[in-house]
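Protein chains in written order, with numbering that gives the first Met the number 0: chain L, 0 to 65; chain U, 0 to 142.
It is worth saying that the hints were derived from the structure and are not from the lab.
Wrong hints could be hidden among the right ones.
[Said to hold, decoys possible] Residues from chain L that keep clear of chain U, each with C-beta distances beyond 10 Å, as calculated:
no., residue
1, T3
2, L43
3, E62
[As the list claims (entries may be wrong)] Calculated pairs, DSBU-like style, for lysine-lysine (alpha carbon to alpha carbon, straight line, at most 30 Å):
no., chain 1, residue 1, chain 2, residue 2
4, U, K137, L, K53
5, L, K46, U, K29
6, L, K11, L, K46
7, L, K53, U, K138
8, L, K1, L, K11
9, U, K3, L, K11
10, L, K1, L, K53
11, L, K1, U, K29
12, L, K46, U, K137
13, L, K53, L, K11
14, L, K46, L, K1
15, U, K138, L, K11
16, U, K137, L, K1
17, U, K29, L, K53
Using N, Cα and C, we set each Cβ at its ideal position, and we do this for glycine too.
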Amino acid sequence: MKNTIRVERAIKNITQAELADLIGVSRQTINTIESNRYVPSTVLALKIARVFGKPVEEIFILEQED
Amino acid sequence: MKPKFLFPYWTRYLGWVLVFAHIPVMMIGKYYGLDDHHSNSDALFNNGHLLFIGTALLMAIGLFLVAFSRERIEDEQIAQLRLDSLRWAVFINYIVLIICLIFFNDTHHILLMNLWVPLLFFIIRFQWMLFRNNRLIKKDGQL
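The following block holds chain L by itself, in its conformation from the complex (with noise of 0.2 Å):
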């Protein structure tokens, strides 16, 4: 699975540390799901997705060996 959150992140101007105040992880989770480390649960990503106002298929899409 990949995902678009650095692109999200730049095209509203905000940081990884800005982001996970606004969901309320730490920093350190929004780096490790931003590099494919960490596959976060449905509520994270919902969480995520309204953030950004886009549906959570727009940020998290499934790859070809999932």
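The hints should help you fit chain U onto chain L, whose structure is shown.
Chain U in isolation, oriented as in the chain L frame:
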């Protein structure tokens, strides 16, 4: 989602104090010859038993507090990391334990070590992963 059974953040400091406190206790105990394993008394709270509580058990309690204290921000990624480290620690522990039991004949001491070795493996692995994640954040810079 939040793990319920974790000690407060500050207990890690108490834990480390206990871990290091066992060293002077052990030295005093050895100085006064309290570690007499050959005493015939099986009584509860005899000298040998008290020394064991003051040393090995003190260290185990300390490591227990360190291992299961809350992080500053406790979220699902940390919970996952903790679970992963715990599985890793138990796994490594049993491999080491089995190898030691096969190749050494000091069963008593090997099993005694097992009182705190899994916790030690867990703490090392968990803290290492946290450290590595923080280093990767620094590498990313202020993206």
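Hint-by-hint comparison with the structure:
1. T3: holds, 14 Å
2. L43: violated, 6 Å
3. E62: For L/E62, whose nearest Cβ neighbour in chain U is about 21 Å away, the distance exceeds 10 Å, so it holds.
4. U/K137 with L/K53: Distance ~29 Å between U/K137 and L/K53 Cα, so the pair holds.
5. L/K46 with U/K29: violated, 58 Å
6. L/K11 with L/K46: holds, 15 Å
7. L/K53 with U/K138: The hint holds at about 29 Å.
8. L/K1 with L/K11: This hinted pair holds, its Cα atoms lying about 19 Å apart.
9. U/K3 with L/K11: Violated, because 35 Å separates the two Cα atoms, which is more than 30 Å.
10. L/K1 with L/K53: holds, 16 Å
11. L/K1 with U/K29: violated, 59 Å
12. L/K46 with U/K137: holds, 25 Å
13. L/K53 with L/K11: holds, 12 Å
14. L/K46 with L/K1: Holds - the C-alpha atoms of L/K1 and L/K46 are around 17 Å apart, at most 30 Å.
15. U/K138 with L/K11: holds, 22 Å
16. U/K137 with L/K1: holds, 22 Å
17. U/K29 with L/K53: violated, 67 Å
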